[in-house]
Amino acid sequence: MADKPNATKNVLIVGVGGQGVIMVSKVLAQLCQADGHDVKQSEVHGMAKRGGGVFSHVRFGPKVWSPTIPEGEVDILVALEWAEGLRWIKHLKPDTGTFIADCQKIVPPFACRNRKRGAEPAYAPQTPEEIIDQVHAGYVMDATGMAANLGNAKASNTVLLGALSTVLEFPEDAWQDIIAGTVPPKSVEINARAFAEGRAWAQGGEKRIDVTASGLHKAHSEVHHPQVDTVVEITAEWCKGCDICVKMCPERCLRLNGQLKAELALPDLCTGCQLCSWLCPDMAIKVTNTPITEPAE
Amino acid sequence: MSHAQRQETAEPTAAGAARPMTGNEAIARGVWEAGCKVAAAYPGTPSTEIMENVAGYPAEDIHAQWSTNEKTAMDVAIGASFAGVRAFTAMKHVGMNVAADALMSFSYIGVNGGLVIAVCDDPGIHSSQNEQDSRIYARFAQVPVLEPSDGQEALEFTRAAFALSEKYDTPVFVRSTTRLSHTRSAVVLGAREDQTGRAFHDLPAKNVMIPAHARRQHGVVLERERRLTEMLSDSPFNRVEPGQGKVGIITSGIPYTYVKECLPDAPVLKLGVTWPLPDRLIRDFAASVDRVIVVEELEPLIEDALKAMGIAAEGKAYFPREGEFSPEIVHDGFANAGLMDPRSNAAPFEFAPMVRPPVLCAGCPHTSCFMALRALDARVAGDIGCYTLAVVEPLKSIDTCVAMGSSIANAVGMAKAGTETKPIVATIGDSTFLHSGIPPLIDAVYNNADITVFILDNHITAMTGGQDHPGTGRTLRGEPSPRVDFFELVKSLGVKHVHKVDSYDIATMQQQLREAVAHKGVSVVISDRPCVLDPVKIKGPAMEVAQESCIACQACMNLGCPALTWSEEWHEGRHKVQIDPDACIGCSLCAQLCTSHAIKPIAEPA
Ligand SMILES: Cc1ncc(C[n+]2csc(CCOP(=O)(O)OP(=O)(O)O)c2C)c(N)n1
Ligand code: SF4
Ligand code: SF4
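Protein chains in written order, with this note's numbering: chain A, 907 to 1203; chain B, 3 to 608.
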């Protein structure tokens, strides 16, 4: 079925709001249309401006019906951000799909919510090596880095377009013309070079991982932080109920009780940061952190 | 869309040319081509870009405006129709709830100049508070609803809708969905029709709905529906696509494309008008096959009608009644119906993807408002806008959110119930306040409710992408207009305790809120700080975290500012914080929260 001569080609472009997912898909859609294909490009961007994920389906061929690509039918997945690529990777055609990703990480504030000692960001832990191992063809490039070296990190999209151009059969000039007509006039030059670099890089093999991306996301899993036992003692007689600690506790685990005295209402949330004890004008709060010594092996 | 873009109304693209257009752009083009003279709307995803694009056509051709709400927009269009020109309004599905009062009676009256209503549904709830099916409104109001399947049809149906409206003396719906509205495909353009206006029809029996007139008009509406039903069996809007096999599919809109994707050779009755239904055409189609399967998103409107006609239609037994369809879902439905093999679900990647919820922008003026409300431990009746994002951690301070403009009256009810021990606060954005917040505030004053209303004036309709409203002092075409003064407005309603604050000054704002809450009766606090994204992107010098001073308490992270992340440095087992200088707009809110004074503007190179 995949090799039906007239089958629709499916390209899925994903990233985070503000990265230029729509620019990439518009360039591709224009190129396909200029080449005489029927094209549909579909995106849902309700939350795009608020830092959520953005994705755009581009389908082209003699006649395109559905605006969206069925799961498992994506010929090429282009990811402008690493974790967004992983979100969609199961949509790739298992035997023939190509994965093209920028290794750049955009860590959402949501991933940095755990204040427990030793906590790491809740960011996708998968490494480029294990992912590339499982796809038919794949490129994990440092598109942002390459673009930054050329003088404008924002041209990373165009670097990815360069890589994409090696997998589709449109002439290089046609790509360059449409990109030149899409980007702001003063950055035509830089984008032309970004495209050429991305293209050259991807021509270096069917599966490639940039050196900077290699081993990514394993960076400091070795850092070890001893766990501590935290005890919060509040001397009720000294507390005058000013509620400074209640307002300033980052975990919001303190509250004023019926007698207007501070108390630790949610001890499980307390991370032992000691902020309350430093801020209390009456020195009514004492926080002690005792390391839990692990039993010798 | 910026004003600059809007104002340079390019010469409309020539007829005959094919251009990639979204469904919304194509609907706007259809409006212009039909010679429409007056268009009004209130923004709402996924419909917003329709009116923005209508405003891209020359002002001499068409008057385009933002109205304060959907009912007002509908009434403006109705007025233009009375006056004899073609008129248009667009809204999201829930906007129809607001406009419905005018629609229901106007259906009895009928049109003078053709009147077309674009309603955009949101199956899958990409950006809404429910997924109601607007086709039911069309049935309820007994007006025709056209359902295009792609950009080309969006243009052609919209254009044809005006002629249909005039021919049958009825308002006409064009129903889109998020998928159609936001999908780009090639559209061949036509020229603008020359529509000279008609004179006002001096017909009180038709134009003035008093009971005696309405009773008579109701009969006219029923007869109109009968004539439409008859005509639609032979109309090019509805077509039979013959195919192989004895299972016939009836479908419409975007689901038609999924049907063609899955079963390209099956016999299909494609309905371009889903209300009223073409009785004769459907019966003939059903008689030509052994089984009839209806594929429609959301409600079983067609299926139920077929069953009422005595046709053994199948549909919702295989296809969900909720959520957005996709080729996968339609495939699964056909598999359940025995028409296709099940999909193979060999998913090689088993891991759960990272959560990336939408967040308020870096420097969003709403951020500190909700920090303050959380610190107040108030019971907060929320409303709809960007600020609804404060319902989740780390701001987590909104307790309810119903529909546009609900917050203030919800707070009144909570106060009158007498069960609440916490202070009761309603939060409402500027655009929402003008949309439907003023009558409930009058209600609160009138009934002396002990509540605090927090008006979050960010000088724009932000959630839907930055549209002007009467509080911005600019119209849809970017022309200056008088600016609503919220402070004076609120005072004039009889509110005694009114204060304006800058939400970038956390301490003062907290103080003002505390005083407002302590005030018995209605108090209003207006936070006055522009949105950082629209109408202009605000970017001040970025702040930085001095790593040597940061104690990793992460109190600043409670803002949820997306510019704040963990750095590679640690303090007592916790990550210190750093600021992404490209994302930070320098609002200084985090610096105001930092107890160790670690956050300062990036030092200028000496
Ligand atoms: C009846 C109705 N019409 C339109 C919408 C779409 N909508 C959601 S939020 C919003 C505007 C919010 O603007 P504002 O109150 O100023 O808050 P902001 O987003 O600027 O913070 C609109 C138009 C809706 N949800 N319901
Ligand atoms: S668009 Fe404006 S109002 Fe909405 S989150 Fe961003 S800054 Fe806040
Ligand atoms: S100053 Fe702080 S809170 Fe404001 S945008 Fe920058 S990092 Fe975010």
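Hints may be right or wrong, so weigh each one.
When the alpha-carbon atoms are kept at most 20 Å apart in a straight line, the in silico PhoX-like pairs for lysine-lysine are as follows [stated by the list, open to error]:
| no. | chain 1 | residue 1 | chain 2 | residue 2 |
| --- | --- | --- | --- | --- |
| 1 | A | 969 | B | 272 |
| 2 | A | 1022 | A | 1060 |
| 3 | B | 309 | B | 272 |
| 4 | A | 1153 | B | 318 |
| 5 | B | 424 | A | 1167 |
| 6 | B | 539 | A | 1060 |
| 7 | B | 318 | B | 272 |
| 8 | B | 541 | A | 1060 |
If you are wondering where the hints come from, they were derived from the structure by calculation, not from laboratory data.
In this text, all values refer to a predicted model and were calculated from it rather than measured experimentally.
Now for the hints, and whether the structure bears them out:
1. For the hint pairing residue 969/A with residue 272/B, the CA-to-CA distance comes to about 18 Å; that is within 20 Å, so the pair holds.
2. With a C-alpha separation of about 35 Å, the suggested pair residue 1022/A and residue 1060/A falls outside the 20 Å cut-off, and the hint is violated.
3. For the proposed pair residue 309/B and residue 272/B, the alpha carbon gap of about 18 Å is at most 20 Å, so the pair holds.
4. The straight-line distance between the Cα atoms of residue 1153/A and residue 318/B is roughly 52 Å, outside the 20 Å bound, and the hint therefore fails.
5. The hinted pair formed by residue 424/B and residue 1167/A meets the criterion: a straight-line CA distance of about 18 Å does not exceed 20 Å.
6. Between residue 539/B and residue 1060/A the CA atoms are separated by roughly 17 Å; this keeps the pair inside 20 Å, and the hint holds.
7. At most 20 Å may separate the alpha-carbon atoms for a hinted pair to count; residue 318/B and residue 272/B meet this at roughly 18 Å.
8. Of the supplied pair hints, the one linking residue 541/B and residue 1060/A holds, its CA atoms being roughly 17 Å apart against a limit of 20 Å.
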